[in-house]
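Student: Here is how the chains run, residue by residue.
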Amino acid sequence: MASGKMPVAGEVAPDFDLTDSTQTPRRLSDLVSRDCLVLLFYRGAW
Amino acid sequence: MADYRDHYAEIRPAGADVLAVSVDPPIKSEALRRELRLPFPILCDTEWRVAKDWGIYNPNERGGIAKPAVFVIDRDRTVQYSKIDDVATRVPASEIVRILRGAGRREAQLKVYIPRVSDFFRAIRNMIRS
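Those protein sequence lines, which keep their order, are chains A and B. For what it's worth, the numbering used here labels the leading residue of the first sequence as 396, then goes sequentially. For what it's worth, the numbering used here labels the leading residue of the second sequence as 2, then goes sequentially.
Warning: the hint list may mix true and false statements.
[To be verified] Below 27 Å or equal to it, Euclidean Cα-Cα: the simulated BS3-like pairs (lysine-lysine) are:
{"#": "1", "chain 1": "B", "residue 1": "68", "chain 2": "B", "residue 2": "53"}
{"#": "2", "chain 1": "B", "residue 1": "84", "chain 2": "B", "residue 2": "29"}
{"#": "3", "chain 1": "A", "residue 1": "400", "chain 2": "B", "residue 2": "68"}
{"#": "4", "chain 1": "A", "residue 1": "400", "chain 2": "B", "residue 2": "53"}
{"#": "5", "chain 1": "B", "residue 1": "53", "chain 2": "B", "residue 2": "84"}
{"#": "6", "chain 1": "B", "residue 1": "29", "chain 2": "B", "residue 2": "53"}
{"#": "7", "chain 1": "B", "residue 1": "29", "chain 2": "B", "residue 2": "68"}
{"#": "8", "chain 1": "B", "residue 1": "68", "chain 2": "B", "residue 2": "84"}
{"#": "9", "chain 1": "B", "residue 1": "84", "chain 2": "A", "residue 2": "400"}
Read the hints as simulated data drawn from the structure, not as lab findings.
Work the whole structure out from these sequences, hints included.
Tutor: Listed below in structure tokens is the structure:
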């Protein structure tokens with residue numbers, strides 16, 4: 396997949412489906428149930 | 002992550018929720034979530050799908066990871082704030098709380114730093130001392 400451009404203020408971020416750490420499928424658009432959502436991308440220990 | 006855990010009690014009343022994403026497999030993410038007692042979920046971007054789509058994929062480190070970054074998005078997934086960290090620095094959770102509360106959001110958009118009165122007095126104090 397070609398790499399996208401990082402969304403900046405005012406742009407709509409791409410939606411996505413991923414499983415969480417308990418193997419539960421999650422969709423970003425379903426998780427933004429409150430006014431705002433803070434997304435933390437971290438390096439991970441891999 | 003622990004910083005955001007510690008500020009979770011301020012983030013929630015500011016109308017926001019928190020979500021963490023990494024390329025770690027679920028078993029590793031769950032271990033971290035338990036170890037740090039994180040009150041928010043960790044999503045597992047094991048195939049770098051989201052990191053690539055969001056333009057924060059770094060192929061040069063440890064076989065491919067997501068660059069550390071913080072985004073604040075609203076209900077329509079419109080980005081209110083985004084910050085990528087190419088160095089090891091992190092956006093402190095306290096700054097995100099400030100942004101969520103609105104005052105900081107306007108500041109960030111205007112990219113204007115408005116000193117607080119306390120900063121002014123501190124500067125004077127430092128001048129007198131030196």
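Student: Taking only the CA atoms, is the gap from residue 400 of chain A to residue 68 of chain B under or equal to 27 Å?
Tutor: Holds, at about 13 Å.
Student: Taking 27 Å as the top limit, are the C-alpha atoms of residue 68 of chain B and residue 53 of chain B close enough?
Tutor: holds (10 Å)
Student: Hey, residue 84 of chain B versus residue 29 of chain B, does the alpha-carbon distance stay inside 27 Å?
Tutor: holds (25 Å)
Student: Would you mind confirming whether the straight-line C-alpha gap from residue 84 of chain B to residue 400 of chain A stays at or under 27 Å?
Tutor: Holds - the C-alpha atoms of residue 400 of chain A and residue 84 of chain B are around 13 Å apart, at most 27 Å.
Student: Between residue 68 of chain B and residue 84 of chain B, does the CA-CA distance stay at or below 27 Å?
Tutor: holds (10 Å)
Student: Going straight from one Cα to the other, do residue 29 of chain B and residue 68 of chain B come out at no more than 27 Å?
Tutor: At roughly 18 Å apart (the allowed maximum being 27 Å), residue 68 of chain B and residue 29 of chain B satisfy the hint.
Student: Straight-line Cα separation of residue 29 of chain B and residue 53 of chain B no greater than 27 Å?
Tutor: It holds: about 21 Å lies between the C-alpha atoms, which stays within 27 Å.
Student: Does residue 53 of chain B sit within 27 Å of residue 400 of chain A, going by the straight-line distance between their CA atoms?
Tutor: holds (8 Å)
Student: Given the hint that residue 53 of chain B pairs with residue 84 of chain B, test it: the Cα-Cα distance must not exceed 27 Å.
Tutor: Answer holds: residue 53 of chain B to residue 84 of chain B is near 16 Å, not above 27 Å.
Checked against the numbered hints above, the structure breaks none of them.
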